[in-house]
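Number of protein chains: 4
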Amino acid sequence: MALTERQQAELAEARAQRHETRRPTVPALEAMLFEAMPVLDHGFVRVVDYMGDDAAVVQAARVSYGRGTRAANEDRGLIRYLMRHRHSTPFEMCEIKLHVKLPIFVARQWIRHRMANVNEYSARYSVLDREFYIPERGALAAQSASNRQGRGDTLGGEEAERVLALLREDAGRNYDHYIEMLNEGEDGQVLDPARQGLTRELARMNLTLNAYTQWYWKVDLHNLFHFLSLRADAHAQYEIRVYAEAILRAVEAWVPLCAEAFRDYRLGAVTLSSRMLEVVRAMLDGTEPTAEAAGLSKREWRELMAVLGRA
Amino acid sequence: MALTERQQAELAEARAQRHETRRPTVPALEAMLFEAMPVLDHGFVRVVDYMGDDAAVVQAARVSYGRGTRAANEDRGLIRYLMRHRHSTPFEMCEIKLHVKLPIFVARQWIRHRMANVNEYSARYSVLDREFYIPERGALAAQSASNRQGRGDTLGGEEAERVLALLREDAGRNYDHYIEMLNEGEDGQVLDPARQGLTRELARMNLTLNAYTQWYWKVDLHNLFHFLSLRADAHAQYEIRVYAEAILRAVEAWVPLCAEAFRDYRLGAVTLSSRMLEVVRAMLDGTEPTAEAAGLSKREWRELMAVLGRA
Amino acid sequence: MALTERQQAELAEARAQRHETRRPTVPALEAMLFEAMPVLDHGFVRVVDYMGDDAAVVQAARVSYGRGTRAANEDRGLIRYLMRHRHSTPFEMCEIKLHVKLPIFVARQWIRHRMANVNEYSARYSVLDREFYIPERGALAAQSASNRQGRGDTLGGEEAERVLALLREDAGRNYDHYIEMLNEGEDGQVLDPARQGLTRELARMNLTLNAYTQWYWKVDLHNLFHFLSLRADAHAQYEIRVYAEAILRAVEAWVPLCAEAFRDYRLGAVTLSSRMLEVVRAMLDGTEPTAEAAGLSKREWRELMAVLGRA
Amino acid sequence: MALTERQQAELAEARAQRHETRRPTVPALEAMLFEAMPVLDHGFVRVVDYMGDDAAVVQAARVSYGRGTRAANEDRGLIRYLMRHRHSTPFEMCEIKLHVKLPIFVARQWIRHRMANVNEYSARYSVLDREFYIPERGALAAQSASNRQGRGDTLGGEEAERVLALLREDAGRNYDHYIEMLNEGEDGQVLDPARQGLTRELARMNLTLNAYTQWYWKVDLHNLFHFLSLRADAHAQYEIRVYAEAILRAVEAWVPLCAEAFRDYRLGAVTLSSRMLEVVRAMLDGTEPTAEAAGLSKREWRELMAVLGRA
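Residue numbers (our numbering), protein chains in the order written: chain A, 8 to 318; chain B, 8 to 318; chain C, 8 to 318; chain D, 8 to 318.
Hints are computed from structural coordinates only; laboratory data are not their basis.
A couple of the hints might just be wrong.
The list makes no distinction among identical chains, and a pair is therefore deemed to hold if it is satisfied within one copy or across any two copies.
Stated by the list, open to error - Cross-link-like lysine to any residue pairs, in silico, SDA-like; alpha carbons within 25 Å at most:
{"id": "1", "residue 1": "K305", "residue 2": "R74"}
{"id": "2", "residue 1": "K305", "residue 2": "D82"}
{"id": "3", "residue 1": "K305", "residue 2": "E165"}
{"id": "4", "residue 1": "K305", "residue 2": "R155"}
{"id": "5", "residue 1": "K305", "residue 2": "G159"}
{"id": "6", "residue 1": "K305", "residue 2": "A276"}
{"id": "7", "residue 1": "K305", "residue 2": "Q156"}
{"id": "8", "residue 1": "K305", "residue 2": "L291"}
{"id": "9", "residue 1": "K305", "residue 2": "R69"}
{"id": "10", "residue 1": "K305", "residue 2": "A243"}
{"id": "11", "residue 1": "K305", "residue 2": "D292"}
{"id": "12", "residue 1": "K305", "residue 2": "L315"}
{"id": "13", "residue 1": "K305", "residue 2": "E267"}
{"id": "14", "residue 1": "K305", "residue 2": "H92"}
{"id": "15", "residue 1": "K305", "residue 2": "A251"}
{"id": "16", "residue 1": "K305", "residue 2": "R158"}
{"id": "17", "residue 1": "K305", "residue 2": "A62"}
None of these values were measured; they are calculated from a predicted model.
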């Protein structure tokens, strides 16, 4: 993540501003505002704006006129109740806006979450930066043998070297050819006055999927929790999980009571099917149920025993 | 709109608060914050929170790092360009949260706008207030003869009196019976200890559709403009239009450049079909086109001539 | 549910039609098509159209060219896997369209589910029928003492009689006044030529919330399952639950494998928070955890013990 | 677009099926069903399923019990009225499902339309085919000088040759390296038993943005018209416009009355701002308005004169 001098100046200027407002503010999030949290080798997440706080969730749930005078403890109880019973609308009353720099293949997963607002940097209008994601050695995993979409062991030395070399060379070469086809430098100057230059909307297709893009992404807290429950999960692809984890840190600064309830009732929660629940009840009664008798597949049985810590 | 003392105290307390923030603020909207704008006889709209300003639209369209140093004039040009060419996503980057008190039949129209967040006061949990919408004499219109969903002339004196009496009596009687069935006063006390009281979720169905409800409603600026283009329009039902107009005043304080572009390119705009455009072109060429030759129905022809000021 | 002769003729005509199609069809649902399933005293649900079947979910999950030649057993396994792991998008590939007649207060709950398409009968255009929901004696519950939005015991005889009388009289009187204000019969004829008649968009507000409305409602299977998981649940209000149950019967005819997976993994499932899971693990280990030690509130502890059958 | 034998067999089998249904069918669309319409060099669009027809729009708008017995002419009039006055919900009652093969950079534009259902072929699970979009010579445009996101003249011979060579070589090489890193052929066999093979979710990032992906895409008719109004427009990028045009052909077979209304009132329509309308009125009155007097920018004036055929 190398910000240009101009970008750093813009960030510093934004951070230096102070305004007076009647709106609720969250000092812990204000402290992080505008600052870029580095993610992967060239990416970042930064909070650009926010609306609401823990109390705003309570206020909306009660459709109240003011912020109320109840004890903080009551607010916590209500927030936990709402999260536990999946009352989603009060959490929709908080909103956060992020500026994110991320590899295109990550952006393609991310955009599947439709209940959000997005403005992406347009490679039809502008030339992209010469930046691509090259994994660290430790992140170069083999295909998992047991899980068709998972990662297995880390690649051995020679194979890893070869992979890194290929990724670096191909991304770099393709970017250089992108610039050559455009006949335009990153700073916009014409490279060869004798050529016309391919239109940007076509040239961009020579880029690789690990090229970085960036966008403004705005989402309400309910839909953000849904995003985080899928993307901060251990089964998510590492390259999107690190973004989710960075965002989760911002959420914890922003709405600590909601974030705590989310960790308890969503992120760390497990769902048991009616048949799984029967097995648990039987085990508590001291009987020894079997997968067959319970009507569970072997895979479900393994999942259940792992959840119960009896694998 | 009669606020209780407690509600007034809560509003005053909210308005008295001052916080420091790095976020963009809009002084003209801050001045209106939390205050209830009266609408109809007991309703109101009040702005509870907001995110973003005119510059935030520009910033998102450019996916920029800071708020930029460009001339205000350039911002205006870009905002007008975005509005004219229906680039909707930059306007989604601003968000506003309202607290609205409104008759149930208005709420039923309003909720059709799905791209918003809503928390409604629950008549399963709580007892509604004894407030119903009774139109002013001038708003008591007859059914339009030409438009199946429109209003015609104002009702004459005697008929109007009778209508007002019926509306008042029926709403009042039904509310009193609602309270009787609940066996519970507005303040929660039991009325007759010898009775059980009907559950709130059933008793509410005796209320009339002009009873007032209230909700928190949060929406992004793009979807708000869509709402306003339909509901601040002359064809909208008067009882929802007055809410839209109140909101439009808040929007003008909040994002004046966007609001101006909205008035020019959306609210006051007309859409001409390809056939209508052919008629206009022919008229400019000095020929005298006819509905038949142009393939327009009589109704379309009338609509077009009205638009062109040639009715 | 009294259909007019004309409506019955239209239904019969629709049911009599047979067309040839290359699209997948589901004979069990075809048999129910267009027929009104009665719900409450005057309401109904009827399936008007559908797209897809169990195999379409599999086909979309695999992005395959045809319907495949795999064993039905593999399809079932994949559907159960998708449901268990909350892969929602394949279920979005099936769609169903319903015509529903329902009391307005039920419609107000229902419409909160935003991810659906709705066309409601307009009381701005047309006059509503003289039909209102009057609960059966057994459905007249008192307010629950323990649950602010729940039902308690059934009302005693005298109180129940009084409630029924009030509901009947108020709804009937308000409807009669609605017609009087309109100065227009259900069949459209003018009642008193000396009067103008109040516009329909205003007169409707004199109706009670138990008046019936109707709409076309179209939804994809994923969002329908979300609706059913909330509304076919024991905590849902009885008056909407009976609609959900009728729809669930249609779903079982339509996509039996998806419906089975839904019952197992969603409708009958329970979610345990991380702290609750710790309690279960401890109990399986033979220790006797307490609410305090586990960090659970008394309410959560009661909920957990009820789930485990140890209340 | 080279389908494998197996894919062709699956398509043929699907097309050979005939079922009996009570649902409305559209013979003209049935004739196209499942068949792949070629788009670009390796892409296609094929209709996989549909719900509803022209009459279904009318039926929903009227919330009617059957398909009615009105004249076809009345249906056309109502559909045109609904389209002209932007009544969107009746059009939401029709739904279509497509299988599309398309370059990734086109998929990234397409996915911005959020109100649709998508299942994309997963490069985390499976290996992509060796297919990339290489434009035809005539599509190799230079960057437009006047429009930052548009195309200008076609590239000259030598420059075009160089661009095509670069696109072909880079895409091919990157694909070959993708397969090498995977250590897995398109048919799944291990290439070098001595190596582990990089996990699919990482290897895919070496692919270029002109590699082909595919998805199932399902959308209602209202949102499809919105998509088509933007993507079948002359300002859309050529590579997505050809997809939109293929879809529009299917729509014309499916709902001819809706498609006709769409062409008249949306695709060929122009929107005039209130200020532009003033100019038109003045011109019709025989005065000669100017941009300055009308408060139009030079750009708007040019746009208006072009619309009026007076450029």
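Status of each hint after checking the structure:
1. K305 - R74: neither (52 Å within a copy, 27 Å between copies)
2. K305 - D82: between (43 Å within a copy, 17 Å between copies)
3. K305 - E165: The answer is neither: 38 Å in one copy and 58 Å across copies each exceed 25 Å.
4. K305 - R155: Close inside one copy (17 Å), not across copies (43 Å); limit 25 Å.
5. K305 - G159: Only inside one copy: K305 and G159 sit 22 Å apart there, 43 Å across copies, limit 25 Å.
6. K305 - A276: This pair counts as both: shortest intra-copy Cα distance 22 Å, inter-copy 19 Å.
7. K305 - Q156: Intra 20 Å, inter 41 Å, cutoff 25 Å: intra-copy only.
8. K305 - L291: both (21 Å within a copy, 21 Å between copies)
9. K305 - R69: between (46 Å within a copy, 23 Å between copies)
10. K305 - A243: Answer is within; shortest intra-copy Cα gap is 23 Å, inter-copy 34 Å.
11. K305 - D292: Answer is both; intra-copy 22 Å and inter-copy 23 Å each pass.
12. K305 - L315: both (15 Å within a copy, 23 Å between copies)
13. K305 - E267: between (34 Å within a copy, 18 Å between copies)
14. K305 - H92: Between copies only: 16 Å across, 31 Å inside.
15. K305 - A251: Intra 32 Å, inter 33 Å, cutoff 25 Å: neither.
16. K305 - R158: Intra 22 Å, inter 42 Å, cutoff 25 Å: intra-copy only.
17. K305 - A62: Answer is between; shortest inter-copy Cα gap is 24 Å, intra-copy 46 Å.
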